[in-house]
Amino acid sequence: MCGIVGVHLKAPELHGRLGALLAPMLEAMTSRGPDSAGIALYDDDLPEGAFRYSLQPLAAELDWEDLAAGLRDAVGDDVTVQRRGRGAVLVAKGDDGRFLRALERSGASVRLVGHGTSMEIFKDVGAPAAICERYGVRQRVGYQGLGHTRMATESAVTTEHSHPFAAAADLCLVHNGTFSNYATVRRRLTDEGVRFDTDNDSEVAARFIAHQLEQGMDLGDALRMVCKTMDGFFTLLVASRTQFAVVRDASACKPAVLAETDRYVAMASEYHALAGLPGVEDADVFEPMPEEVHVWSR
Amino acid sequence: MVTLSCAELSTRELNAALAAMPDGEQARIVEPRGRHNLAVGLTNRIRVSIEGNAGYFIGGLCDGPDVVVDGFVGWSVAENLMSGTVRVRGNASECAGATAHGGTLVIEGDASSRAGISLKGGTVLVAGDVGHMSGFMAQAGVILVGGDAHESLGDSLYEAVVYVGGAIASLGSDARVEDLSSDDVTRVRALVRTAGFDHVDPENVTRVASARELYHFDAVKAHQY
Chain A
1 MCGIVGVHLK
11 APELHGRLGA
21 LLAPMLEAMT
31 SRGPDSAGIA
41 LYDDDLPEGA
51 FRYSLQPLAA
61 ELDWEDLAAG
71 LRDAVGDDVT
81 VQRRGRGAVL
91 VAKGDDGRFL
101 RALERSGASV
111 RLVGHGTSME
121 IFKDVGAPAA
131 ICERYGVRQR
141 VGYQGLGHTR
151 MATESAVTTE
161 HSHPFAAAAD
171 LCLVHNGTFS
181 NYATVRRRLT
191 DEGVRFDTDN
201 DSEVAARFIA
211 HQLEQGMDLG
221 DALRMVCKTM
231 DGFFTLLVAS
241 RTQFAVVRDA
251 SACKPAVLAE
261 TDRYVAMASE
271 YHALAGLPGV
281 EDADVFEPMP
291 EEVHVWSR
Chain B
1 MVTLSCAELS
11 TRELNAALAA
21 MPDGEQARIV
31 EPRGRHNLAV
41 GLTNRIRVSI
51 EGNAGYFIGG
61 LCDGPDVVVD
71 GFVGWSVAEN
81 LMSGTVRVRG
91 NASECAGATA
101 HGGTLVIEGD
111 ASSRAGISLK
121 GGTVLVAGDV
131 GHMSGFMAQA
141 GVILVGGDAH
151 ESLGDSLYEA
161 VVYVGGAIAS
171 LGSDARVEDL
181 SSDDVTRVRA
191 LVRTAGFDHV
201 DPENVTRVAS
211 ARELYHFDAV
221 KAHQY
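For the record, the sequence lines run as chains A and B.
Mapping to this note's numbering: the first sequence position 165 is 165, numbers consecutive.
Mapping to this note's numbering: the second sequence position 104 is 104, numbers consecutive.
FYI, nobody ran anything at the bench for these hints, they're computed from the structure.
None of the values given here were measured: they were computed from a predicted structure.
For every residue, glycine included, the Cβ atom is placed at its ideal position computed from N, Cα and C.
Possibly wrong hints are sitting among the right ones.
As the list claims (entries may be wrong) - Partial chain A-side listing against chain B, Cβ under 7 Å, derived: (1) 139; (2) 252; (3) 271; (4) 275; (5) 287.
Can you make the complete structure from the sequences, with help from the hints?
See below:
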């Protein structure tokens, strides 16, 4: 069992409260996933051409400034460090491919958990409330966010196996459920040159969606392809720089509730995670039907 | 009239307070905010009104009380109901009335997938639509759908009967449409009166029951195994 939550803010006046809205939603889902949690936040505050790289340390002691200085020399652009709990977000201008190659070459004891112009991701093991506190979620601003609380059933309780899974710049996914044919789909994707970081089934869905988008499909069609190709139980919440989307499998046995008002769209595994949102009593509250793809764009 | 607030009491405290009430008493539950497991396992003849949207398993396992939810509910409302009534003024999520042995569940809005799954003698009355796989493996009892039924209605039905006022997207395995008898009309008329469903015409519903072809091993098809 896992819990998923997300909010896509249509009204700019709510952007300053993104973290304050999202943290209680995530904490409400502790009962569905007490062992680890993760969050993706989207904000468009960076200057044109700048990327953020969400990194987690693999070693206990890591000098982030030292790492940034090394990367600065390698990419020839300024690299700044924003500390986030146990990890950090590095912000750098210029080509993201060059930065990612430089990061790999540096041999630093870090794992990249996501990158993009708008998206940052952090995930950790422990109770969702502790993780919200450690990463200062309540103070964060932005236009959309999603989160996941995990009760591991298919792989180990580690940060590496926690959601969200990022698979391309600004694209990430949280998943409640299990995929049964993920090894087959992963083999097919691997044959087509897609690389994987973990043995997790949800990562396969994230890479599958990214692969469809790369081939020119839009997010709605990519999710319809998930329904056609991937076998198992799933409620997926997927975000990109401009979109926020939800889909459930044909048997719809993993829950999802959506609440939409003029000011936001919010999604959670269970309604009580939405109960504290402003104006939710007047929201259009509904469940996505089996294999019905819902996409919101900004 | 007792008022209990979910903002002040844990679910366990709240259910203990309800269970301790003498027959004939009334209780209001305020600020439910999607709380699960409200008014479960009660065996006293009390009236409980839940004033707002509630979570999973509302009124489950009850044997006697009358529970009204003035809002919508999550999964498995009135699950394993034994007797008494549960009425939901809004919509219900999946598995409404699952395995109910007795009593009556009334949903004034729509019910989601698998409404009345494995019903064991209870009565499930839905004013609006029901989601896919409703009535799945229902063994006894009756389901009335005022609106439309989504895919695979009545899959693997045993002896429960489903009446549908609107359209049926598709029938599940071994479910079939049967002629409506005068006994059916009398039965549906009583159900419609109980629920207060003015929009359902008892003479104009579709009866769905089991074709009973999954009941026994068919030697003619032995080669398929």
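Status of the hints after comparison with the structure:
Annotation: interface hint on residue 139/A violated; nearest CB of chain B at approximately 25 Å, more than 7 Å. The closest approach between the C-beta of residue 252/A and any C-beta of chain B is roughly 5 Å, which is under the 7 Å cut-off, so the hint is satisfied. At its closest, the beta carbon of residue 271/A sits 4 Å from a beta carbon of chain B; the interface hint therefore holds under the 7 Å criterion. Given hint, residue 275/A at the interface with chain B, holds; its Cβ is 4 Å from that chain's nearest Cβ, closer than 7 Å.
The closest approach between the C-beta of residue 287/A and any C-beta of chain B is roughly 6 Å, which is under the 7 Å cut-off, so the hint is satisfied.
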